[in-house]
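Asks: What follows is the residue order along each chain.
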Amino acid sequence: MPPRRQAAAATGVPPVSYGFAVPEFLRIATAAVALALAAFGFFTAWRGRPPVRAHLYGVAVLELFVLALVITTVVSWARGHRVHEPATLGGYLFAFLIVPPAGVGLARMEPTRWGSLIIGVAGLVEAVLVLRLQQLWSGSA
Amino acid sequence: MPEDQEQVVGTDESAPTPTGGRDIQHGFGRVLVFVYGLFALSAGARATVQIATKFHVAPVAYLLSALAAAIYLAATVCLAVGGERARRIAVACFSVELAGVLAVGTASEIRPSAFPDATVWSGFGSGYGFVPLVLPVIGLWWLLRTPRS
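Protein chains in written order, with this note's numbering: chain A, 1 to 141; chain B, 1 to 149.
Keep in mind that a hint or two might mislead.
[To be verified] Restraint-style ranges between C-beta atoms, simulated for each label pair:
(1) Ile110(B) to Ala32(A): 28 to 34 Å
(2) Arg132(A) to Ile51(B): 17 to 23 Å
(3) Ala54(A) to Ala114(B): 49 to 55 Å
(4) Val61(A) to Ala114(B): 42 to 48 Å
(5) Arg79(A) to Ser95(B): 44 to 50 Å
(6) Arg132(A) to Pro112(B): 19 to 25 Å
(7) Trp46(A) to Ala70(B): 20 to 26 Å
(8) Pro86(A) to Trp141(B): 37 to 43 Å
(9) Gly90(A) to Phe55(B): 15 to 21 Å
(10) Val134(B) to Ala36(A): 23 to 29 Å
(11) Ala70(B) to Gly105(A): 37 to 43 Å
(12) Ala60(A) to Ser126(B): 31 to 37 Å
[Claimed, not checked] Derived list of chain B stretches under chain A, where covered just means 3 residues or more per stretch with a C-beta under 8 Å from a C-beta of chain A:
(13) 30-42
(14) 46-54
None of these hints come from the bench; they were simulated from the model.
Even glycine gets a Cβ: it sits at the ideal position worked out from N, Cα and C.
Can you build the whole structure from these sequences, using the hints too?
Replies: Structure (structure tokens):
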């Protein structure tokens, strides 16, 4: 990640090798899956249809990406990445993990167009959280 | 994309209340429960962190954050529980929220020095994509709309 390396170089701290960095592509892929799920949910809601199995599969795929991102983040963190607001980052990671299952739980109680809207909102929130996590991680928040 | 109509997931186990009262729990209300639940969680966590770690920096802002979180939580619970009493409490919550976001938003524009650290309501909720400003309006519309029955 170029911005972080530059920041580290500017403060005179050599960039730490974690074995692996939180990969940029994982972030982009997670955001893309989240936005695709949001579009799917919003489109279904717009058509006035309740969520179907495909929405559940979409949420499951998103949650896998979320898990991968959370695990890589926590591992890098444990290996010494310095975070400005550790408690806030922890809170965001927690929210990041629970939003998809919470959305599915509520959507299953609401087999109407509004259930689809909940899935869409969950996807949108996850995409925003990817961005916020990145800001917190790199200290630019 | 599969055929949408066949395999609908989930069941609506609780039918709308037959009392003739306004049903705030179901339909769009559940979307509000989801969004308000998220805001209650995030505002609450944020206020807790702020008050626990750096209360002296901006006590007013952090107490406002805590107040906002409490109101979000109350609104979430009321929307989820439903019924006429809950609806009235939720109307009060949304009204206080709307007043709060407008007052704090205006105050933070006029006197930024009074708010050294951001609250959920600073700048009319600009830090949260103006969702804090839009939500109470949508919530009031949902609660005060013409009854379905």
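Asks: Could you run down the list of hints and mark each one as holding or not?
Replies: Going down the list of hints, with the structure as the test:
| no. | hint | result |
| --- | --- | --- |
| 1 | Ile110(B) to Ala32(A): 28 to 34 Å | 41 Å, violated |
| 2 | Arg132(A) to Ile51(B): 17 to 23 Å | 21 Å, holds |
| 3 | Ala54(A) to Ala114(B): 49 to 55 Å | 50 Å, holds |
| 4 | Val61(A) to Ala114(B): 42 to 48 Å | 46 Å, holds |
| 5 | Arg79(A) to Ser95(B): 44 to 50 Å | 49 Å, holds |
| 6 | Arg132(A) to Pro112(B): 19 to 25 Å | 23 Å, holds |
| 7 | Trp46(A) to Ala70(B): 20 to 26 Å | 34 Å, violated |
| 8 | Pro86(A) to Trp141(B): 37 to 43 Å | 39 Å, holds |
| 9 | Gly90(A) to Phe55(B): 15 to 21 Å | 19 Å, holds |
| 10 | Val134(B) to Ala36(A): 23 to 29 Å | 24 Å, holds |
| 11 | Ala70(B) to Gly105(A): 37 to 43 Å | 24 Å, violated |
| 12 | Ala60(A) to Ser126(B): 31 to 37 Å | 34 Å, holds |
| 13 | 30-42 | holds (count 9) |
| 14 | 46-54 | holds (count 4) |
The structure fails hints 1, 7, 11 (numbered hints given earlier, in ascending order).
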